[in-house]
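Start from the sequences, fold in the hints, and give me the full structure.
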Amino acid sequence: MSRNYHDAGSGDSGQPPLYSQFGSGHSAAKYASIDIWEGGGRSRLNPKTWPRKCWILLAIGAIIVIVIAIVVPVVVSRKNRYPNYSTLNYSLVATYAGTGFFDNFDYFTGYDPAAGFVHYVDAEDSASLNLTYASSTSAVLRVDLSDTDTTTGRKSVRITSKNTYDNGLFIFDVLHSPYGCATWPALWLSDPSNWPTNGEIDVMEATNMAPVGNQVTLHTTKHCTMGVKRKETGKALRSNCLNSTDGDSGCGVRGSTATFGEEFNNNGGGVYAMELRDAGIRVWFFDRDNIPDDINTSTSNSTDSTTTPDPSTWSEALADFPSTDCNIANHFRNQSIIVNVDLCGNWAGQTASFNTQSGCPGTCVDYVSEQPGSAYENAYWEFRSFRVYQA
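Sequential numbering from 1 applies to the sequence shown in this note's numbering.
Take the hints with a grain of salt, since some may be wrong.
What the hints assert, rightly or not - Label-pair distances were calculated between CB atoms; the ranges are:
(1) SER136 <-> GLU263: 22 to 32 Å
(2) TYR82 <-> LEU237: 12 to 22 Å
(3) LEU45 <-> THR225: 47 to 57 Å
(4) SER300 <-> THR87: 17 to 27 Å
(5) LEU237 <-> THR137: 27 to 37 Å
(6) PRO292 <-> GLY61: 49 to 59 Å
Unchecked claim - With a cut-off of at most 30 Å between alpha-carbon atoms, the simulated DSBU-like pairs for lysine-lysine come out as follows:
(7) LYS79 <-> LYS235
(8) LYS79 <-> LYS229
(9) LYS222 <-> LYS235
(10) LYS231 <-> LYS79
(11) LYS162 <-> LYS222
(12) LYS155 <-> LYS53
What the hints contain is simulated information worked out from the structure, not anything from laboratory work. Here a beta-carbon is modelled for each residue, glycine too, at the ideal position from N, C-alpha and C.
Below is the structure:
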């Protein structure tokens, strides 16, 4: 609402009154400006004559300038902190390939800690059911297709490498990734006996039809966060890696639809490289047409190699987990390579994943109980080789 000045005696001019029209004395002083330079022979040019109020204002201004000069560079510096991923001289220490691929692994047969509707079988049953087999060119791990009574779950496989690692560069040459309703496949590293104390690195993981591609994730105890500068092509999902937050989600990074599932398989698979070092953890994905020349993709299981990979020459990683606010060496120790295909469980069995995202019918448990083996034709891993390098 506009103010009406006519009652103040301004006449009919329509103009606001002069201050003098409000009277003199105390009322006029209310609107008068105060000049701290008046009286006492003060001069703006002579600091000796400046009143105390001027010095106070000057001191406050100086303090503000000093604070800004100190705080801003610190804030900018913290925001731009980034570890030194300097070149490391890697040497090949282990090769998983050829007909002896599965000799490097133990078979897990206990209760599924991820609450899956699955029966993990041992090496003997896995071989007899043709769930794991290897040739000179590839190794396959799959869900059982033959069982006709799956009312208590379907048979599958989970393997854990006998070798453990505190650091290294891991090259996974993958020809086929599992997908299909009820499936929860993963290629990951962890210390199952000390989880999550010694950390978990999910290199490849998806659920059901894998419609959104691969998710690379870290799971840790407290004091490991990723709300810092990162150099990655994937989409960061969460910054807190503490496993007990957000439904055990960890801090994940999502790739494109071509990084897992049907599209990945139709493109001939690809190579995943994971570097675990004190400076941080990085994961790259290279499709078949863009594998760096220094990555050995042969199926030979020999540890003699003249090819030495150098991540410093590669393109930007799919996922970058720098050590800025996470002590990598403390959070990730004694890591085994683990491969499995779970069914349903804490992630794949959720309505959001099973029904909404992948369009699978009914409930996950009912699906596994009722569907024939043919529903799992694509539920298998096929690997050309794994190679591990250390500096």
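Here is how each hint holds up against the structure:
1. SER136 <-> GLU263: 22 to 32 Å: holds (28 Å)
2. TYR82 <-> LEU237: 12 to 22 Å: holds (20 Å)
3. LEU45 <-> THR225: 47 to 57 Å: 55 Å Cβ-Cβ, so the 47 to 57 Å window holds.
4. SER300 <-> THR87: 17 to 27 Å: This hint holds: roughly 26 Å between Cβ atoms.
5. LEU237 <-> THR137: 27 to 37 Å: holds (36 Å)
6. PRO292 <-> GLY61: 49 to 59 Å: For GLY61 against PRO292, whose Cβ atoms are near 56 Å apart, the range 49 to 59 Å holds.
7. LYS79 <-> LYS235: holds (19 Å)
8. LYS79 <-> LYS229: Answer holds: LYS79 to LYS229 is near 7 Å, not above 30 Å.
9. LYS222 <-> LYS235: holds (23 Å)
10. LYS231 <-> LYS79: Roughly 13 Å separates the two Cα atoms, so the pair holds.
11. LYS162 <-> LYS222: holds (28 Å)
12. LYS155 <-> LYS53: Between LYS155 and LYS53 the Cα gap is close to 83 Å, so the pair fails against 30 Å, i.e. violated.
Checked against the numbered hints given earlier, this structure breaks only hint 12.
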